[in-house]
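Using the sequences and the accompanying hints, generate a full structural model.
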Amino acid sequence: MTFIFQMLYQVHPLLPLAYLIVLGNGVLAPAIYCAARGIPYDITKIWSLAKHGQIGARYTVISWAAFAAASVLVLVLYGVR
Numbered sequence: 001m002t003f004i005f006q007m008l009y010q011v012h013p014l015l016p017l018a019y020l021i022v023l024g025n026g027v028l029a030p031a032i033y034c035a036a037r038g039i040p041y042d043i044t045k046i047w048s049l050a051k052h053g054q055i056g057a058r059y060t061v062i063s064w065a066a067f068a069a070a071s072v073l074v075l076v077l078y079g080v081r
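Each residue of the sequence shown is one higher than the one before, starting from 1 at the first, in our numbering.
Some hints here could point you the wrong way.
[Claimed, not checked] Pair ranges (Cβ atoms, derived): (1) Phe-3 - Gly-38: 36 to 44 Å; (2) Lys-45 - Val-76: 16 to 24 Å; (3) Met-7 - Val-27: 30 to 38 Å; (4) Pro-13 - Ser-48: 38 to 46 Å; (5) Ser-48 - Leu-28: 20 to 28 Å; (6) Gln-54 - Val-76: 27 to 35 Å; (7) Thr-44 - Arg-81: 33 to 41 Å; (8) Lys-51 - Met-1: 27 to 35 Å; (9) Ser-71 - Ala-35: 33 to 41 Å; (10) Leu-75 - Leu-14: 30 to 38 Å; (11) Leu-20 - Ile-43: 30 to 38 Å; (12) Gln-54 - Tyr-9: 16 to 24 Å; (13) Arg-37 - Leu-14: 29 to 37 Å; (14) Ser-48 - Leu-14: 30 to 38 Å.
Since the hints were made in silico from the structure, they are not lab data.
A virtual CB, placed ideally from N, CA and C, is assigned to each residue, including glycine.
See below:
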């Protein structure tokens, strides 16, 4: 993690903070959603609820997608440098 944050800091000083926020949201949002709804932490269940229009499930899927996109961006930045 230190390497990731140092590399992001070299690009821009606020990028490590932005990545940390996206990481925290991508990890905590699904857990909070499942705890609030009283359902088990099951990706397939969350995905099916998101397909059926459940707003919280859609937010959870979007937070996963944002975390995945940010992680791919970090890997691309590492490859470029």
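Tested hints:
| no. | hint | verdict |
| --- | --- | --- |
| 1 | Phe-3 - Gly-38: 36 to 44 Å | holds (39 Å) |
| 2 | Lys-45 - Val-76: 16 to 24 Å | violated (32 Å) |
| 3 | Met-7 - Val-27: 30 to 38 Å | violated (20 Å) |
| 4 | Pro-13 - Ser-48: 38 to 46 Å | holds (41 Å) |
| 5 | Ser-48 - Leu-28: 20 to 28 Å | holds (21 Å) |
| 6 | Gln-54 - Val-76: 27 to 35 Å | holds (32 Å) |
| 7 | Thr-44 - Arg-81: 33 to 41 Å | holds (37 Å) |
| 8 | Lys-51 - Met-1: 27 to 35 Å | holds (33 Å) |
| 9 | Ser-71 - Ala-35: 33 to 41 Å | violated (24 Å) |
| 10 | Leu-75 - Leu-14: 30 to 38 Å | violated (20 Å) |
| 11 | Leu-20 - Ile-43: 30 to 38 Å | violated (23 Å) |
| 12 | Gln-54 - Tyr-9: 16 to 24 Å | violated (37 Å) |
| 13 | Arg-37 - Leu-14: 29 to 37 Å | holds (33 Å) |
| 14 | Ser-48 - Leu-14: 30 to 38 Å | holds (37 Å) |
The structure fails to meet hints 2, 3, 9, 10, 11 and 12 from the earlier list, while all remaining hints are met.
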